[in-house]
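Construct the complete structure from the given sequences, taking the supplied hints into account.
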Amino acid sequence: EAQVTQNPRYLITVTGKKLTVTCSQNMNHEYMSWYRQDPGLGLRQIYYSMNVEVTDKGDVPEGYKVSRKEKRNFPLILESPSPNQTSLYFCASSSETGTGVNTEAFFGQGTRLTVV
Amino acid sequence: AQSVTQPDIHITVSEGASLELRCNYSYGATPYLFWYVQSPGQGLQLLLKYFSGDTLVQGIKGFEAEFKRSQSSFNLRKPSVHWSDAAEYFCAVGAVDFGNEKLTFGTGTRLTIIP
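Residue numbers (our numbering), protein chains in the order written: chain A, 447 to 562; chain B, 123 to 237.
Source of the hints: derived by calculation from the structure; they are not laboratory data. Values in this document were obtained by computation on a predicted structure and should not be read as measured data. Misleading hints may appear alongside valid ones.
Claimed, not checked - If you want a taste of the chain A side facing chain B, the calculated C-beta under 7 Å gives, among others:
#1 Tyr-456
#2 Gly-486
#3 Leu-489
#4 Gln-491
#5 Glu-499
#6 Gly-554
#7 Gln-555
#8 Gly-556
What the hints assert, rightly or not - Here are the simulated distance ranges between beta carbons:
#9 A:Lys-463 with B:Thr-134: 39 to 49 Å
#10 B:Ser-174 with A:Lys-463: 39 to 49 Å
#11 A:Glu-447 with B:Pro-162: 19 to 29 Å
#12 A:Glu-499 with B:Ser-136: 26 to 36 Å
#13 A:Ile-523 with B:Ser-192: 41 to 51 Å
#14 B:Pro-201 with A:Asn-519: 17 to 27 Å
#15 A:Val-500 with B:Ala-123: 40 to 50 Å
#16 A:Val-498 with B:Pro-129: 21 to 31 Å
#17 A:Lys-463 with B:Gln-180: 26 to 36 Å
#18 A:Met-473 with B:Thr-152: 21 to 31 Å
#19 B:Thr-152 with A:Lys-463: 22 to 32 Å
#20 B:Ser-140 with A:Gln-449: 30 to 40 Å
Yeah, the Cβ is synthetic: ideal placement off N, Cα and C, and Gly gets one too.
Take a look at the structure:
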């Protein structure tokens, strides 16, 4: 079954304690990205990756890091989490069409992060 | 840069009634448009997409959307809603922005169904 898997689904942590949210896809997709969802703001892109070792900032990258060492995995790292990073996070993957535009993005189930 | 506006934050409809969710976009070239649905506690599921061709697109779960270039709109419709349609709906435009194949989302419309 084609899927994007995020872990953990729920996480409560304290300010300043480094954490990693994992994301893995089994569709051999080139393109992966992270979004955060906040009430009244919709989903905003944090970081994206067009392929292995190719990553770049999205709209709200401050306080986050990513890596893409393997095609299937795209972890999101919060080196020093703060309360304003409390949010619902989604990982997504898609394949390049040749036109250079998303065909369909597949989303993970989400990770609800609370930073106290 | 592209943007998406969903003017209705919350809509309530009766079960069996028709539904229309509004979406307006801003993008300089031909847009690639999507509607996603998010059920409580779930991720986002693609309902339908428009890339080119017929401006009326059919999706899953009985939904359809019509692309109107002159109005920069991509409204989602369903002739008769079911209680299971209660969810949050997101319109998105896909575009290449300096090599970033990015989805820009609207702020969402929460749909409540009453018996």
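Here's how the hints hold up against the structure:
At its closest, the beta carbon of Tyr-456 of chain A sits 10 Å from a beta carbon of chain B; the interface hint therefore is violated under the 7 Å criterion. The interface hint given for Gly-486 of chain A holds, since its Cβ lies 6 Å from the closest Cβ of chain B, which is under the 7 Å cut-off. Interface restraint check: Leu-489 of chain A against chain B, minimum CB-CB distance 4 Å, threshold 7 Å, status holds. Hint status for Gln-491 of chain A: holds, given a least beta-carbon distance of 6 Å to chain B, under 7 Å.
Against a cut-off of 7 Å between C-beta atoms, the interface hint on Glu-499 of chain A is violated, since the closest Cβ of chain B lies about 15 Å away. Among the interface hints, the one on Gly-554 of chain A holds; its C-beta lies about 6 Å from the nearest C-beta in chain B, closer than the 7 Å criterion. Taking 7 Å as the C-beta cut-off, the interface hint given for Gln-555 of chain A holds, the closest approach to chain B being about 5 Å. Because the smallest distance between the Cβ of Gly-556 of chain A and any Cβ of chain B comes to about 5 Å, under 7 Å, the interface hint for this residue holds.
For Lys-463 of chain A and Thr-134 of chain B, the hinted distance range of 39 to 49 Å is satisfied, since their beta carbons lie about 41 Å from each other. Between Ser-174 of chain B and Lys-463 of chain A the CB atoms are about 48 Å apart, so this pair conforms to the stated range of 39 to 49 Å. As the Cβ distance of Glu-447 of chain A to Pro-162 of chain B is approximately 22 Å, the hint placing it in 19 to 29 Å holds. Checked against the hint of 26 to 36 Å, the C-beta distance between Glu-499 of chain A and Ser-136 of chain B comes to roughly 53 Å, which is inconsistent with it.
Range check, Ile-523 of chain A to Ser-192 of chain B: about 45 Å between beta-carbon atoms, so the 41 to 51 Å window is met. Checking the proposed 17 to 27 Å range against Pro-201 of chain B and Asn-519 of chain A shows it is violated: the Cβ atoms sit about 43 Å from each other. Distance hint check for Val-500 of chain A and Ala-123 of chain B: the Cβ-Cβ separation is about 21 Å, which falls outside the suggested range of 40 to 50 Å. One distance hint, 21 to 31 Å for the beta-carbon pair Val-498 of chain A and Pro-129 of chain B, is violated here, with the actual separation near 41 Å.
Checked against the hint of 26 to 36 Å, the C-beta distance between Lys-463 of chain A and Gln-180 of chain B comes to roughly 48 Å, which is inconsistent with it. Remark: the range hint 21 to 31 Å for Met-473 of chain A to Thr-152 of chain B is upheld by a beta-carbon distance near 26 Å. Range check, Thr-152 of chain B to Lys-463 of chain A: about 46 Å between beta-carbon atoms, so the 22 to 32 Å window is missed. The beta-carbon spacing between Ser-140 of chain B and Gln-449 of chain A, approximately 33 Å, falls within the hinted interval of 30 to 40 Å.
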